[in-house]
Amino acid sequence: GQQVMQIPQYQHVQEGEDFTTYCNSSTTLSNIQWYKQRPGGHPVFLIQLVKSGEVKKQKRLTFQFGEAKKNSSLHITATQTTDVGTYFCAGLSGGADGLTFGKGTHLIIQP
Amino acid sequence: DAGVIQSPRHEVTEMGQEVTLRCKPISGHNSLFWYRQTMMRGLELLIYFNNNVPIDDSGMPEDRFSAKMPNASFSTLKIQPSEPRDSAVYFCASTVASAYEQYFGPGTRLTVT
Numbered sequence: 001g002q003q004v005m006q007i008p009q010y011q012h013v014q015e016g017e018d019f020t021t022y023c024n025s026s027t028t029l030s031n032i033q034w035y036k037q038r039p040g041g042h043p044v045f046l047i048q049l050v051k052s053g054e055v056k057k058q059k060r061l062t063f064q065f066g067e068a069k070k071n072s073s074l075h076i077t078a079t080q081t082t083d084v085g086t087y088f089c090a091g092l093s094g095g096a097d098g099l100t101f102g103k104g105t106h107l108i109i110q111p
Numbered sequence: 112d113a114g115v116i117q118s119p120r121h122e123v124t125e126m127g128q129e130v131t132l133r134c135k136p137i138s139g140h141n142s143l144f145w146y147r148q149t150m151m152r153g154l155e156l157l158i159y160f161n162n163n164v165p166i167d168d169s170g171m172p173e174d175r176f177s178a179k180m181p182n183a184s185f186s187t188l189k190i191q192p193s194e195p196r197d198s199a200v201y202f203c204a205s206t207v208a209s210a211y212e213q214y215f216g217p218g219t220r221l222t223v224t
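Quick mapping for you: the protein sequence lines, in order, are chains A and B. When the first sequence is numbered by the working numbering, its final residue is 111 and no position is left out of the sequence of numbers. When the second sequence is numbered by the working numbering, its final residue is 224 and no position is left out of the sequence of numbers.
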């Protein structure tokens with residue numbers, strides 16, 4: 001079945017530093033979604049990418065979808081304490097399958 | 112809109128007991144998903160429904176797990192009998208259609224002793 005790998009599993013940064021998490025799929029995706037889960041909370045949708053090579057920005061967050069539609073990344077510029085949480089990518093390969101989530105990257109920020 | 116509603120929020124039960132988790136999706140959403148989250152395995156899709164019909168239940172771990180969606184506004188996930196390894200947070204999510212953004216409920220934290 002489809003697998004979505006996400007790295008790193010944990011990332012410690014100083015407040016103000018940049019952060020990037022990477023997502024790789026074993027199959028070509030029709031779209032990829034990103035979610036954020038705060039500690040003790042539930043996943044919250046951030047964005048969806050559909051087109052090959054697509055880049056989208058939300059303030060300090062930049063999302064990219066690879067040309068082959070098998071990988072994606074999320075980059076946060078100048079992290080703030082409010083960015084703490086786990087960031088998940090989730091891929092949709094089409095057909096009847098639902099989303100396949102990566103294991104997530106836990107972002108820990110030291111003030 | 113109240114969002115996706117799940118109950119109970121916390122459940123503590125003894126091994127062998129039946130557990131029923133409940134979910135009310137957002138009105139107008141046609142797809143509903145059940146997930147299980149643990150530290151070891153992350154977020155796993157258990158089953159999803161389109162228009163109340165189960166589409167993919169390949170993630171259901173074994174016959175002890177069953178899910179129903181009798182109407183568009185209610186779904187249940189049942190574990191019978193429960194085992195300690197079932198301890199996890201169970202999320203329900205809904206969406207307009209399976210390819211769109213999912214809205215997660217607050218989750219049910221299940222502890223089986």
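In case anyone wonders, no lab produced these hints; they're calculated from the structure. Fair warning: this is a prediction, and the values are worked out from it, not measured in the lab. Where is the CB? At the ideal position from N, CA and C, for every residue including glycine. Please note that the accuracy of each hint is not assured.
[Unchecked claim] Below, a list of computed lysine-lysine pairs in the DSBU-like style, where the Cα atoms sit at most 30 Å apart:
id : chain 1 : residue 1 : chain 2 : residue 2
1  : A       : Lys-70    : B       : Lys-179
2  : B       : Lys-179   : A       : Lys-36
3  : A       : Lys-70    : B       : Lys-135
4  : A       : Lys-103   : A       : Lys-56
5  : A       : Lys-70    : B       : Lys-189
6  : B       : Lys-179   : A       : Lys-103
7  : B       : Lys-135   : A       : Lys-36
8  : A       : Lys-70    : A       : Lys-56
[Said to hold, decoys possible] From the derived model, a few chain B residues whose C-beta atoms are all more than 10 Å from chain A:
id : residue
9  : Asp-167
10 : Ser-184
11 : Lys-189
12 : Glu-212
Quick rundown of the hints versus the structure:
Of the pairs offered as hints, the one joining Lys-70(A) and Lys-179(B) is violated, with about 33 Å between alpha carbons and a cut-off of 30 Å exceeded. Under the criterion of a C-alpha separation no larger than 30 Å, the hint pairing Lys-179(B) with Lys-36(A) is consistent with the structure, at around 28 Å. A distance of roughly 34 Å separates the Cα atoms of Lys-70(A) and Lys-135(B); the hinted pair therefore is violated under the 30 Å criterion. Between Lys-103(A) and Lys-56(A), the direct Cα distance comes to roughly 22 Å. Compliance with the 30 Å bound is thereby established for this hinted pair.
For the hint pairing Lys-70(A) with Lys-189(B), the CA-to-CA distance comes to about 35 Å; that exceeds 30 Å, so the pair is violated. Simply put, Lys-179(B) and Lys-103(A) have alpha-carbon atoms about 27 Å apart, close enough for the 30 Å limit, and the pair holds. Restraint check for Lys-135(B) and Lys-36(A): the C-alpha separation of about 22 Å stays at or below 30 Å, so the hint holds. A C-alpha spacing of about 17 Å is found between Lys-70(A) and Lys-56(A), which places the hinted pair at or below 30 Å, so the restraint holds.
Annotated as non-interface, Asp-167(B) brings its C-beta within 10 Å of a C-beta of chain A; the closest such distance is 6 Å. Non-interface status of Ser-184(B) relative to chain A is upheld: no Cβ of that chain comes within 10 Å, the nearest being about 20 Å off. For Lys-189(B), the shortest C-beta to C-beta distance to chain A comes to about 20 Å, beyond the 10 Å cut-off, and the non-interface label holds. Non-interface status of Glu-212(B) relative to chain A is broken: a Cβ of that chain comes within 10 Å, the nearest being about 4 Å off.
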